[in-house]
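Colleague: Going down the list, the sequences are from chains U and E. If you read the first sequence in my numbering, its first letter stands for residue 2, the second for the next number, and so on. If you read the second sequence in my numbering, its first letter stands for residue 311, the second for the next number, and so on.
There's no promise every hint is true.
Said to hold, decoys possible - Reference listing, derived: stretches of chain U covered by chain E, where coverage requires no fewer than 3 residues with Cβ under 8 Å from a Cβ of chain E: (1) 58 to 66; (2) 122 to 135; (3) 154 to 163; (4) 172 to 178; (5) 284 to 290.
Unchecked claim - Listed next, with one range per pair, are the computed distances between beta-carbon atoms: (6) E:L406 <-> U:R165: 18 to 24 Å; (7) E:R448 <-> U:T38: 27 to 33 Å; (8) U:L39 <-> E:E450: 23 to 29 Å; (9) E:E540 <-> U:A301: 43 to 49 Å; (10) E:R448 <-> U:R165: 24 to 30 Å; (11) E:N508 <-> U:L39: 39 to 45 Å; (12) E:S467 <-> U:T23: 49 to 55 Å.
Simulated from the structure, these hints should not be mistaken for laboratory data. Where is the CB? At the ideal position from N, CA and C, for every residue including glycine.
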Amino acid sequence: MAKFTLFLIHGIGVHRDKSWATPAIEVLSQAWKQDCTLPTQLQDHIEVVPIFYDTVFESYLQEFSDISKAVFSDALKINQSEKQHIADKLTEAEQHERHFVLSYLLDVLLYKMSIVKEEVNSLVAKQLYERIAKGSTADEFGIVAHSLGTRVINDTLQNIITGRADQANFYAQGYRLKFLMQISDVTDLFGLPLHHDPFPPKNVYSRDAYDYLRTVTNRFDPIARIIPTRLTHWPEGRAHEQLLGRPIYKDLLLDHVHETNVHGLTHYMLHPQITRELFDLCGFGSCMTQDVSRIADFPAVGPHVNPGLRNALTELMSDAFQLANASWQTYINIVLRFGELTEQHGSHIQAECSV
Amino acid sequence: MRKIAFLFALILPLSGSLIVYANECSHTESHQLTSGLNNQAIDIKTAKRELQQVFYTSEPPNLASDQILCILDAAIKWYGPAEELAHSLRSISASLDQVESPQQKRQLISHINQNVMLDRGTGYIALPRLSEAQRYQRREIDLNHLLETQGCTQTASKQCRRSLNFATKLWYIAHNVRAWSDQLNQSDKTASVKYQSNLAQQWRSYRQDTIKQWPQEVFLNSLFYRPRKEGLSTPPNSKLLFLRPALGLSYLSDNNPDFQPTLNLDLLGIYWWRYQDNLAGEGRGLAASLVWDGDDTAYGLTYHHNPNWAITLATSNENDVIVSVSFQLAYWLLKN
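Okay, chain E solo, but in the shape it has when bound (with noise of 0.2 Å):
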């Protein structure tokens, strides 16, 4: 009975449905306004505690939308605002079973989120209304303000408990609309957590699988860097190197002996690699370089095959070459 008249109100024109649904609610649902409520007469003072106590110490409710309309349609009747707060929800309740582009989704989250709120420090809620332009916007109600304009007073009465009950029951409601979202964003969440994992990881692998930069490597590449305007940012896929500094064995070709260690320096160059799962695969480089021998210093290229092998060629104002390897290079080369 209760779907029916719920589909019943979705299909009439509103004005008409209003009435026909709010009558209907109040015969069948009635018990829901008071269910689990006290029914005694209070003051203002014992209404503004109990409310209280509801911030605090009470779990809310699952209410399912067709019980959060009745409640605001049985309302109506004495609380003017409860049409237009019906109205609203019944909107984005409807839309809840309709979505079907994630365009409509991200549209219905974003009205929810805007618009419904509730703070148990102030005793406010907010909750959505229907502009005339068909836009949704927020209605702020201070649940204490509604006590003492819906008659609470210092003298006990029924009719200040009713208020304390709706209170209550709108309290309640905020806190169950804004859980509407929970139903449609679970497969963004699903998709973020592993967005996220592979990001971590590709920033772990940028830092800790390829070549480890000096600081004044750091800054060159963040100059160069450009992060996204929108969104999280992706580490790059290469890395600049600039005034990088190594012990290099090298052969010199006009000295004797032929084989000695050098200050090899790359000043500018390139080193690049591509990531597989969020790992940064095997990477190559290429830089400028100098050579310097302790005594005369050479220009040239440097290949880096790996972060820690690279084969420097170089030539010196004599046009003496030069062929220097880096220290664990010349190492492996020498054990085998």
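Here chain U stands alone, though its shape is the one from the complex (with noise of 0.2 Å):
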């Protein structure tokens, strides 16, 4: 049979190009040698296709810079060499250093402007929809969405699902997706704070849109447990049937800290328990070692992590426990503290890393 393809859809922060999914990538294959029998690779069954649409949130960010440049560079009396020095900072800064707030809550913030929603929108169905025509109606796709990405995707297809089939529809050509794992699932943050969600996706989950729906929760990252998956829209029921021998829908909960960011896509793709649930709905689970033990031992507590930020960790999680009647200062406070946290882990990482 042709190769399974899973496309990989990611949240929020600076994701420029295909490589942001690198990582990702990196540590699916070395799940895939830990619990696959079968002799070959990864590549060998499943392609991995990244999509991304960071590009027009950076647009914007850099069309607000642009005008801001363009009132005032004629009144700024600077010379050559110093706008040069401060060019070189600012592209740097941009790189490497993009403020936690900035990274995670400027793409939120944009996306939720209809004008942006729908431009992003437009380009991940082209994404999707480039790759998924070139293959026949018999080939199988899955997809797999982090953080912003969870509802970046829910509101594509529910565009996709709606239209006309000449309008890149691919339902409506004999297309199906088997499966869509929402990791760090922020569907719902769109009703907030009002309760009042302008576009929600509510064809995307009467419509079978895809066969088979995960989502993903670490208990560690607020971001996570701010918005708790609510299925808003899934038929009543529903989440108890099965299809072709699998359930249609399935909660899982991690409890694991190993990376800087607990939020992390690849934070998440580190526990076996994700892997395998993966493998398994892109049909490998037969072919999965029958030993979980990986499951089993995999420690709550990376090699790495200081121990100071699991202490942290568990009052952001005490706090996040009380968010059923929590004020929207509450959640901001959430949200800084744990950039605080991890930005003070990650110098810690690098101190330890140059000694």
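Build the complex from these two chains, which are given one at a time in their own frames, with help from the hints.
Modeller: Now the structure itself:
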């Protein structure tokens, strides 16, 4: 059979091109080697296709910067060498040190703008369609979406599935999506703060946009905990159904801290429970080793974790549990503290490495 | 002969034709069921292992629709559900050749897409069955269970081999029937590629080729933008201008010197254009504006000739007249 096509959709942060997925693909390849009994490589069976849409956000941010410069550049008296120095500094900061709040929250704010959202949806739909239409309707496709990507893919599929067959509705052309795995699901974030979602992806669940849905959450990921998955638009009773011998819906709750960024896609993928579920959904469940000790023995705390970090994250967790009646200020505090902690942890790791 | 039998089966009343066709098929096509497949007796464990190998290693062969129907008809005697599967697939296969309208085509694709599935992970397939109300429904088949219920035990038998061969063929059938939509969707695929390319170009042009937006303008434009309720949306052909600052070179009738830089602010306005070949053409804009010279404020109207050239006419409370041009326009005027 043709290879299974697995689309990876990124979340918030800087993702300028397809190379954003290289670390995630590396983690998947390692997991395949450890868990799969087939003598062949992951790439022989699963083609991973990274999707990226961050270029739209970057373009808007660049536009805001350009337009401000255009207004004031004539008024500022700076000599050429100073201008170059500032430009170099800005470029460096832009590539390596985008502030946590900027990289995490600006993307969300921009995506809440319908003008930006529709362009992002159109860009993601184009990348999906270009790959899907290359294959046969008998081929298999699945999607792993992370963080903001969970909402982006739901909105995109909503637009695709309600569209015309000659306007890239691949469902109407005979294609199916086998599964959607939502890692750190923020689909319902966009109903906040007024509990009103102007563009809910309501047709995605009811029209069988995918055969199986998996939601994955880490108890120590504050972003996922802010908006617990509620399956708002899921048809009643559907969550307990089976299709072709599998449960249609599963919620996977993890509890590990191995990297600086607990919210990161690769951090989620380090857990064998996730990669095994993923390979199973791709159709390779029966090729996995029967030995599940890798899941049972998977350490909750990774070897490089600053001991203080886990305690701090536990505090965050207790905050997150009180979110049922929390105000916006609480949400913001949690996200900011999370950023602070991960930055501290990053410096700690860097210091250790330099020693 | 095969084609004649197939047409015959379609024309004759269904109840009688199935048997006639099945008999015809079993003589002429029996080799189809076993060709390329081993015929030795096997036990359940070996059968399941070999079935796994089919899922993971073999590329399903192309089966013509009449071959598929032959396989199912030949199995009717010992596998009851094969009859209703053959019946529904015969109906779909006949419809494939008779598609005339786009609506028929989409309906047929939808029937196949909704009811034909396969999952090598669980060893399940789904094929369509026609209900009494002549509607297609999905019939799920667990191929491993099929082996268990159709003669496979811990003792090797030829019956088990027959079941494995049939399960293998069912796997191939599900794969082939799903691919039937490939014959029908070519025109939609060609149109979709062009549609998406045009759409991407329009969105890029909306952002890059027209007036650039400040954050508050992105917010305001998003409030007023109404995406399509169905399908992907095209970008608007206008942008609202809101609290848009710019530096201008202004003529102030009551000042000495007469010309000086001012801060011009578009309070609220609109900039519009047309798309030609998916690219935003020349735009024009109008806005209610404010001009501030560092001391007094005047209110008036701004005309945007393009994203960079703007001219504002304003009056202050003392009825002084102010004519202000954008820096880029001033530069062009002075240069020429």
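Colleague: Now tell me, hint by hint, if it's right for this structure.
Modeller: Against the structure, the hints come out as follows:
1. 58 to 66: holds (count 4)
2. 122 to 135: holds (count 8)
3. 154 to 163: holds (count 3)
4. 172 to 178: holds (count 6)
5. 284 to 290: holds (count 5)
6. E:L406 <-> U:R165: 18 to 24 Å: For R165 (chain U) against L406 (chain E), whose Cβ atoms are near 22 Å apart, the range 18 to 24 Å holds.
7. E:R448 <-> U:T38: 27 to 33 Å: 31 Å, holds
8. U:L39 <-> E:E450: 23 to 29 Å: 26 Å, holds
9. E:E540 <-> U:A301: 43 to 49 Å: 46 Å, holds
10. E:R448 <-> U:R165: 24 to 30 Å: 25 Å, holds
11. E:N508 <-> U:L39: 39 to 45 Å: Distance hint for N508 (chain E), L39 (chain U) holds at roughly 43 Å.
12. E:S467 <-> U:T23: 49 to 55 Å: 51 Å, holds
The structure meets every hint from the earlier list without exception.
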